[in-house]
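Protein chains: 2
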Amino acid sequence: MNYDMIQAAAQRLNGKARVTPLLSSPFLDDVAGRKVFVKAECLQHTGSFKFRGAWSAISALDPDLRAKGVIAYSSGNHAQGVALAAREHGTTAVIIMPADAPKLKIENTRTLGAEVVLYDRATEDRDEIGARLARERGLTLIKPFDDPLVIAGQGSVGLEIAQQAAEIGISKAEVLVPCGGGGLTSGTALALDQLAPDMTVHPAEPENFDDATRSLVSGEIEQNAQSAGSICDAIITPSVGNITFPILKRLCGAGVVVSEDECLHAMAMAFTRLKIVIEPGGAAALAGALFHSDQLDGDTAICVASGGNVDSDMFQTALAKYGI
Amino acid sequence: MNYDMIQAAAQRLNGKARVTPLLSSPFLDDVAGRKVFVKAECLQHTGSFKFRGAWSAISALDPDLRAKGVIAYSSGNHAQGVALAAREHGTTAVIIMPADAPKLKIENTRTLGAEVVLYDRATEDRDEIGARLARERGLTLIKPFDDPLVIAGQGSVGLEIAQQAAEIGISKAEVLVPCGGGGLTSGTALALDQLAPDMTVHPAEPENFDDATRSLVSGEIEQNAQSAGSICDAIITPSVGNITFPILKRLCGAGVVVSEDECLHAMAMAFTRLKIVIEPGGAAALAGALFHSDQLDGDTAICVASGGNVDSDMFQTALAKYGI
Numbered sequence: 001m002n003y004d005m006i007q008a009a010a011q012r013l014n015g016k017a018r019v020t021p022l023l024s025s026p027f028l029d030d031v032a033g034r035k036v037f038v039k040a041e042c043l044q045h046t047g048s049f050k051f052r053g054a055w056s057a058i059s060a061l062d063p064d065l066r067a068k069g070v071i072a073y074s075s076g077n078h079a080q081g082v083a084l085a086a087r088e089h090g091t092t093a094v095i096i097m098p099a100d101a102p103k104l105k106i107e108n109t110r111t112l113g114a115e116v117v118l119y120d121r122a123t124e125d126r127d128e129i130g131a132r133l134a135r136e137r138g139l140t141l142i143k144p145f146d147d148p149l150v151i152a153g154q155g156s157v158g159l160e161i162a163q164q165a166a167e168i169g170i171s172k173a174e175v176l177v178p179c180g181g182g183g184l185t186s187g188t189a190l191a192l193d194q195l196a197p198d199m200t201v202h203p204a205e206p207e208n209f210d211d212a213t214r215s216l217v218s219g220e221i222e223q224n225a226q227s228a229g230s231i232c233d234a235i236i237t238p239s240v241g242n243i244t245f246p247i248l249k250r251l252c253g254a255g256v257v258v259s260e261d262e263c264l265h266a267m268a269m270a271f272t273r274l275k276i277v278i279e280p281g282g283a284a285a286l287a288g289a290l291f292h293s294d295q296l297d298g299d300t301a302i303c304v305a306s307g308g309n310v311d312s313d314m315f316q317t318a319l320a321k322y323g324i
Numbered sequence: 001m002n003y004d005m006i007q008a009a010a011q012r013l014n015g016k017a018r019v020t021p022l023l024s025s026p027f028l029d030d031v032a033g034r035k036v037f038v039k040a041e042c043l044q045h046t047g048s049f050k051f052r053g054a055w056s057a058i059s060a061l062d063p064d065l066r067a068k069g070v071i072a073y074s075s076g077n078h079a080q081g082v083a084l085a086a087r088e089h090g091t092t093a094v095i096i097m098p099a100d101a102p103k104l105k106i107e108n109t110r111t112l113g114a115e116v117v118l119y120d121r122a123t124e125d126r127d128e129i130g131a132r133l134a135r136e137r138g139l140t141l142i143k144p145f146d147d148p149l150v151i152a153g154q155g156s157v158g159l160e161i162a163q164q165a166a167e168i169g170i171s172k173a174e175v176l177v178p179c180g181g182g183g184l185t186s187g188t189a190l191a192l193d194q195l196a197p198d199m200t201v202h203p204a205e206p207e208n209f210d211d212a213t214r215s216l217v218s219g220e221i222e223q224n225a226q227s228a229g230s231i232c233d234a235i236i237t238p239s240v241g242n243i244t245f246p247i248l249k250r251l252c253g254a255g256v257v258v259s260e261d262e263c264l265h266a267m268a269m270a271f272t273r274l275k276i277v278i279e280p281g282g283a284a285a286l287a288g289a290l291f292h293s294d295q296l297d298g299d300t301a302i303c304v305a306s307g308g309n310v311d312s313d314m315f316q317t318a319l320a321k322y323g324i
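Chains as they are written, first to last, in the working numbering: chain A, 1 to 324; chain B, 1 to 324.
Simulated from the structure, these hints should not be mistaken for laboratory data. Be aware that one or more of the hints could be misleading.
No copy is singled out in the list; a pair is fine if it fits within one copy or between any two copies.
Each computed DMTMM-like pair below joins lysine to aspartate or glutamate, with the alpha-carbon atoms no more than 20 Å apart [to be verified]:
id, residue 1, residue 2
1, K16, D29
2, K321, D311
3, K321, E115
4, K16, E167
5, K35, E88
The whole structure should be built from the sequences, with the hints applied where relevant.
In structure tokens:
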């Protein structure tokens, strides 16, 4: 896993993924006490950065293998990214989802062209169903984060940050990235290590799901005690990966841990000041820059807003609490 | 007023205004029955396209005159655009606003560096106050739309649409633009007439404020019967301008008139599918493409989302009614 793979992925993504804008507002700068830029990856196809990794992995497959289709386990952003990337490659995606997943997520994934296979969480084994389908149909598994090609795709976010920051004269910054399994964080860190070595990447996580932050302290992969129960559903992976962690350990600064309320507050401020929709987990980095500025150095923070797939009820909750 | 002025304005805006993305979603295409692209001008500095026209006008001023400051009448998007553009030119902006304007708008305009002069709508004459200040201090009036330099700045939206559409292989489209005084609509039409002659611009307006649509039918500038009372406050100008109308008349297709509820519905769909925040008036064009598709031809619609300055209560109303 190295920088060259990110460059190669970026070439495959060229014209396929959106180059998402780097947004800012003097009002956010005032709150944070330094210049704040937001990499609006919520504006990516399917509403999150996951499209990049999915495209990177699928585009690198041997064409014969790719023609047989791909498979993924997800009810969230990864599912939609894989579904659309597969469809645009003219192949099929099988997405394994729990039968009790929100109906809208199932429908959305189907509308993006995927074949959704539902399983009963209580009586069926997801991995067994997936392995059988993969074997019978020759499908290739697209992992959510712990895969070099997926990390390389997410790393294209780092390439864009380096370039967009350079265009406005910024070479030094604290870069906050919402962190679940660490695919986006490690890929971004690898890209910036090469292109903007004066930038330091910090994983941002919600309270009670701060495994990456603790792992960076202990030097070993730590687990979260809980596996559910956060509004930040996009980034509550049990632990970082075996491929992503060594990269985080080598390149990242300390993690920043934010509360759920701070994520809701950051969502409301992004609504008012940037006119973008961020989901709770995707707002963790901005929440860190706005409300934990004492943990950062320097005069510039760059925050990745990793996704915007939030339902309207949750968004209304954020606005009712913190909107102006 | 011609295309060369737009090109010159775009050069002055280069690196100053954001190049806003052209967004799309297969879900919106399904609703509209054709490909739909949204030019997300809500992501522009100060949350609307108005920054472009303000920058264009202020940047073209003689430096000695500019140093004395500028003045504008507005409590809305034009005020914020002029305030920020003036500050970034190192000069002062005086913004004349009614004393009963929303406190937040007054505060925002001040935070952007402007000197806000309040007047009492019942007892004072806005124009008299403005004329006196302009005379005493040598301030230059920045008009909201009926000025060639302002139109030229807004026309840079059209330049970007032509270029971004060409990059994805689109040269023919129906282009819908929210229309108040017609600055954005006429500038966009002038740019596309030159660069993408197979695109047709249509003004989009709310019911009861459809003066541009009626003016295009009658061939003369028509007035709106009302001057207030719409949630689409950004685009309820009494009539189009003496400079903008001849351009609209020469270049535009028929207007599209939408209901307020359709604007709220379009706002909710842009939230869910594009992850952007649009204000009611800024959603008029998207509402036209989504809900009046029978009035359009061809397989592609491009809608300008002209602004996103909506308060959280109004946005919650849209989500409560049409969110998923």
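Checked hints:
| no. | hint | in the structure |
| --- | --- | --- |
| 1 | K16 to D29 | between (32 Å within a copy, 18 Å between copies) |
| 2 | K321 to D311 | both (16 Å within a copy, 13 Å between copies) |
| 3 | K321 to E115 | neither (38 Å within a copy, 31 Å between copies) |
| 4 | K16 to E167 | between (22 Å within a copy, 11 Å between copies) |
| 5 | K35 to E88 | between (38 Å within a copy, 16 Å between copies) |
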